[in-house]
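Trainee: Sequence:
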Amino acid sequence: MERTKVLFLGIVLTFIISASIALPKSLPISLNAFGKDFSFVVGSPVIDYSFFGTPVHKEFEFKQGLDIQGGMQVVLEADMSGIEQADRADALASAKEIISRRVDLYGISEPVVQTSVADESYRINVELPGLSDSNDALALVGQTAQLEFGLFQEPDPESPEATLSGVTIVPTGLTGQMLKKSSVQFDQQTGEPLVALQFDSEGSKLFSDITTQNVGKPMGIFVDGSMIMAPVIQVPILTGEATITGGFTVEEAQQLSVQLNAGALPVPIAVLELRTLGASLGDTSVQQSIQAGIVGIGLVMFFMILYYGAQGIVASVALVIYAVVTLALYKVIGVTLTLPGIAGLLLSIGMAVDANILIFERMKEELRKGIPFAIAMENGFGKAWDSIKDANSITIFTALVLINPMDFSFLNRSGLVRGFGITLLIGVVLGLFTGVLVTRTLMRLFITERTAKMKVSA
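Sequential numbering of the sequence shown, starting at 451, is according to the working numbering.
Rather than coming from a laboratory, the hints here were simulated on the basis of the structure.
Hints may be right or wrong, so weigh each one.
In the DSSO-like style, the derived pairs of lysine-lysine whose C-alpha atoms are separated by at most 30 Å in a straight line are [said to hold, decoys possible]: (1) Lys655 / Lys667; (2) Lys667 / Lys508; (3) Lys508 / Lys781; (4) Lys546 / Lys630; (5) Lys475 / Lys508; (6) Lys508 / Lys631; (7) Lys486 / Lys513; (8) Lys455 / Lys513; (9) Lys546 / Lys455; (10) Lys486 / Lys546; (11) Lys781 / Lys455; (12) Lys455 / Lys486; (13) Lys833 / Lys814; (14) Lys814 / Lys781; (15) Lys475 / Lys486; (16) Lys513 / Lys819; (17) Lys455 / Lys839; (18) Lys513 / Lys475; (19) Lys631 / Lys513; (20) Lys781 / Lys513; (21) Lys781 / Lys833.
Just so it is clear, the structure is predicted and the values come from calculations on it, not from any experiment.
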């Protein structure tokens, strides 16, 4: 009994924490009590503290997918003409990883980056929820972002090097591959944004050698072959640090910094398609979906209580706990709400009571044999477990196939289908938790001898 009470306290604590997280960001409430009006605002908590000097900030909000909030969709094609056939798959995977890093560093919520190969066409499909500016999308994923440094020399007719306005550009060997990190800073005199560079040990030594040997000479800084600036080397720079200025806006400086930090793409890419997608659902449709979920939970609870009586009440309480914990978990781990994802959530609501129905039917079989209620309850849980385990194992396996966590090429790679699989997987796992552990704990505590004498319909 002590163990049961500890479990019950754990369930209550989990419910309270989950309920606070599941609240909207801001929910105004007005009440009239004792002839007075009370108005206040409640909302989900915000974590904002410093952990050993590292700031930690977390707001619990639902992430919305492309079909809910709209955004940009970009289809890119990689030029593999200069890559050996055996290395093309690795080059495409590397390009995907770099684009994913760029998008993550830019702070876009739950993007989708997928690859596809058909014949000799190597494509990358990028979905950017919440992004509405096509120029931002192209700057973020459509540029190679190859950083290079070159020295300017007088033209030599016999030189094989490239020229710019009659001036020979000599590569220095210093590239973005030697970059340790870049960041956006502001000029202390003009206030204009600039991109600060810090090289790794190899790059710092090379940069020191270049600036030491070429004092008084201009050195060009190039991104994707375009010169950003060409400052004159005034003194040797031994710190391995440099800055790029070019009349940037803050957004342009941030994009360049993100691209440099993520790294240059290993292959040239071309933009095949750029589409602005409007929200197919929007806030109104999301609210309607939530209302449909509430109605669904209400109907399930009504029929469970109508058919199973006291046990149905316990199952209904477990279902409410399931719904609250599910919504909280969506916020904590950052599940993206898409149309298929919401469908998976609504589907899992009905599945959440499957375990209870199996258990209660087993209990009824035991009661027909004249077994006391307390023993029948334990037998019901024990005998129903194999069926519950088998059914949910198959569903979990199906959800994993839909999610395709290993990104197998012969399985689904669609972000929308994966969203459905993720919500289905969470629903099944939490359904096991509430359908077995929560229901069993509540029944052990609150189904007494008096309750045991209540008639159970056969």
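Trainee: With a cut-off of 30 Å on the C-alpha distance, tell me whether Lys781 and Lys833 pass.
Mentor: Distance ~35 Å between Lys781 and Lys833 Cα, so the pair is violated.
Trainee: When you check the alpha-carbon spacing of Lys781 and Lys513, does it fall within 30 Å?
Mentor: 8 Å, holds
Trainee: Hinted pair, alpha-carbon criterion (30 Å max): Lys513, Lys475. Please report holds or violated.
Mentor: 12 Å, holds
Trainee: Would you check the hint for Lys455 and Lys839, treating anything up to 30 Å between C-alpha atoms as holding?
Mentor: Satisfied, since the Cα-Cα distance of roughly 25 Å is no more than 30 Å.
Trainee: Within a Cα-Cα threshold of 30 Å, do Lys475 and Lys508 meet the stated pairing?
Mentor: Given pair Lys475, Lys508 holds - Cα atoms ~12 Å apart, limit 30 Å.
Trainee: Within a Cα-Cα threshold of 30 Å, do Lys781 and Lys455 meet the stated pairing?
Mentor: Distance of about 29 Å is within 30 Å: holds.
Trainee: For the pair supplied as a hint, Lys546 and Lys630, is the alpha-carbon distance within the 30 Å limit?
Mentor: 21 Å, holds
Trainee: Within 30 Å, alpha carbon to alpha carbon, are Lys833 and Lys814?
Mentor: 12 Å, holds
Trainee: Is Lys475 close enough to Lys486, meaning Cα to Cα at most 30 Å?
Mentor: Measuring from Cα to Cα gives roughly 26 Å; hence the hint holds.
Trainee: Taking 30 Å as the top limit, are the C-alpha atoms of Lys631 and Lys513 close enough?
Mentor: Measuring from Cα to Cα gives roughly 29 Å; hence the hint holds.
Trainee: Within a Cα-Cα threshold of 30 Å, do Lys546 and Lys455 meet the stated pairing?
Mentor: 51 Å, violated
Trainee: Is the hinted pair Lys508 and Lys631 satisfied, with a Cα-Cα distance of at most 30 Å?
Mentor: 25 Å, holds
Going through the hint list in order, the structure does not satisfy hints 2, 7, 8, 9, 10, 12, 14, 16 and 21.
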